[in-house]
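Letter by letter, the chains look like this.
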Amino acid sequence: KAGVTQTPRYLIKTRGQQVTLSCSPISGHRSVSWYQQTPGQGLQFLFEYFSETQRNKGNFPGRFSGRQFSNSRSEMNVSTLELGDSALYLCASSSGDSVYQETQYFGPGTRLLVL
Amino acid sequence: GESVGLHLPTLSVQEGDNSIINCAYSNSASDYFIWYKQESGKGPQFIIDIRSNMDKRQGQRVTVLLNKTVKHLSLQIAATQPGDSAVYFCAENIIVGDMRFGAGTRLTVKP
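These protein sequences, in sequence, are chains A and B.
Using our numbering, the letters of the first sequence map in sequence onto residues 855 to 969.
Using our numbering, the letters of the second sequence map in sequence onto residues 228 to 338.
Note that these hints are calculated values from the structure, not bench results.
None of the hints are false.
Straight-line Cα separation of at most 35 Å, DSBU-like style, residue types lysine-lysine; simulated pairs:
id, chain 1, residue 1, chain 2, residue 2
1, A, K911, B, K295
2, A, K867, A, K911
3, A, K911, B, K298
4, B, K283, A, K911
5, B, K269, A, K867
6, B, K283, B, K298
Build out the structure end to end from the sequences listed, making use of the hints.
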């Protein structure tokens with residue numbers, strides 16, 4: 855089975871621009887979670903989608919948004935980019951079939967640099 | 228607030244020795260824990276997990292111990308190899324889809 859894939863792998867943007875990142879989960883997985891990883895804050899939860907609905911959300915401003923499609927692929931969008939948004943953005947998928955958390959498998963991440 | 232934390236930010240061991248990486252968590256409602264390994268330039272890689280109804284789980288060369296009394300989690304790596312050098316994260320789950328990660332411990336294996 856192919857793992858979680860993320861595109862693009864690297865991205866350079868300037869302040870004020872917006873960006874869209876894409877994530878394809880493991881085949882059959884319906885839950886996709888997004889995380890931001892920075893040296894200062896570590897890995898922080900952004901949001902989680904299941905069956906095209908946002909189920910949970912972390913403590914990030916409204917500039918960070920996401921969506922999920924019927925094939926479980928997910929995108930996240932960051933509008934009005936700030937320098938502090940420079941980070942590695944990771945997505946993770948799990949089956950989502952249980953009411954209990956199941957193993958999340960991560961993609962390689964998208965490295966975003968905001969200039 | 229509730230958080231997951233690691234006792235040691237760095238750990239250096241000799242090749243062939245056993246490694247123990249510790250993690251303290253403060254949320255007694257956490258019911259699922261995962262250890263991840265992250266190598267430079269890569270996403271976190273699943274190592275082993277454990278649910279709160281267990282206190283020990285073994286995998287290939289790795290063992291996770293959970294002590295709910297003192298809210299402590301540890302990862303034991305047997306016969307540590309150079310390929311084990313990476314940053315190790317513990318993560319706890321309270322709400323489905325939301326894993327809370329510790330700061331990470333950098334493991335360095337000396338040949």
